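*Asks:* Sequence:
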Amino acid sequence: MLHIISTGAGHEVLFARIAEGDALLFIGSAVLCLHKNSQAAKTIETCGQQFQCFALQADLLARGLSADKIIADINIVDYPGFVTLTLAHTVIKSWK
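Numbering (full-length UniProt numbering), first residue to last: 1 to 96.
Honestly, I wouldn't trust all of these hints.
In the EDC-like style, the derived pairs of lysine to aspartate or glutamate whose C-alpha atoms are separated by at most 20 angstroms in a straight line are [claimed, not checked]:
| no. | residue 1 | residue 2 |
| --- | --- | --- |
| 1 | Lys93 | Glu20 |
| 2 | Lys96 | Asp59 |
| 3 | Lys69 | Glu20 |
| 4 | Lys96 | Glu12 |
| 5 | Lys69 | Asp59 |
| 6 | Lys36 | Asp68 |
Okay, the calculated beta carbon distance ranges per label pair [as the list claims (entries may be wrong)]:
| no. | residue 1 | residue 2 | range |
| --- | --- | --- | --- |
| 7 | Gly21 | Gly64 | 28 to 38 angstroms |
| 8 | Ala9 | Thr46 | 28 to 38 angstroms |
| 9 | Val91 | Gln50 | 30 to 40 angstroms |
| 10 | Gln50 | Thr84 | 20 to 30 angstroms |
| 11 | Thr90 | Asn37 | 29 to 39 angstroms |
| 12 | Asn37 | Leu87 | 27 to 37 angstroms |
The set of hints was computed from the structure by calculation and includes no laboratory data. Just so you know, these numbers come straight off a predicted model, no measurement behind them. Glycine included, every Cβ here is placed at the ideal spot set by N, Cα and C.
Based on the provided sequences and hints, a complete structural model is requested.
*Replies:* Set out below in structure tokens:
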């Protein structure tokens with residue numbers, strides 16, 4: 001399953017529902033949670049060690065974030081990469 005996260009709130013429910021083989025894609029304002037100093041950074045970093053985690057490059061750039069400012073184990077994808085992720089996962093869940 002591909003989990004598309006677009007908000008910075010409610011991650012507790014999301015993390016409880018992630019299963020082996022799932023991937024997480026952070027878009028929109030949710031990319032702010034990926035900043036090394038964010039409140040959610042430690043939880044997301046642990047998650048990134050167990051699951052594939054991605055961030056949409058355009059949304060990172062729009063918020064002044066670069067690869068050196070976000071937590072480790074986050075793969076940055078462009079729009080074609082976003083499409084590739086949706087094709088690789090038969091089930092998609094959007095979290096708002």
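*Asks:* Against this structure, judge whether each hint is valid.
*Replies:* Right, here's what the structure says about each hint:
1. Among the hinted pairs, Lys93 with Glu20 is consistent with the structure: their alpha-carbon atoms are about 15 angstroms apart, no more than 20 angstroms.
2. Distance check on the hinted pair: Lys96 and Asp59 sit about 15 angstroms apart at the alpha-carbon level, within 20 angstroms; holds.
3. Distance hint between Lys69 and Glu20 is unfulfilled; the C-alpha atoms sit about 27 angstroms from each other, more than 20 angstroms.
4. Proposed proximity of Lys96 and Glu12 is supported: the alpha carbons are some 13 angstroms apart, at most 20 angstroms.
5. Proximity of Lys69 to Asp59 is assessed by CA-CA distance (about 14 angstroms); at most 20 angstroms being required, the pair is judged to hold.
6. The hinted pair formed by Lys36 and Asp68 meets the criterion: a straight-line CA distance of about 9 angstroms does not exceed 20 angstroms.
7. Roughly 33 angstroms separates the CB atoms of Gly21 and Gly64, a value that falls within the hinted 28 to 38 angstroms.
8. At roughly 18 angstroms, the beta carbons of Ala9 and Thr46 sit outside the given window of 28 to 38 angstroms.
9. Under the hint 30 to 40 angstroms, the C-beta atoms of Val91 and Gln50, about 19 angstroms apart, miss the expected range.
10. Checking the proposed 20 to 30 angstroms range against Gln50 and Thr84 shows it holds: the Cβ atoms sit about 21 angstroms from each other.
11. Distance hint check for Thr90 and Asn37: the Cβ-Cβ separation is about 36 angstroms, which falls inside the suggested range of 29 to 39 angstroms.
12. For the hinted restraint 27 to 37 angstroms between Asn37 and Leu87, the CB-CB distance of approximately 34 angstroms keeps it satisfied.
Figure legend: structure checked against the earlier numbered hints; hints not met, in rising order: 3, 8 and 9.
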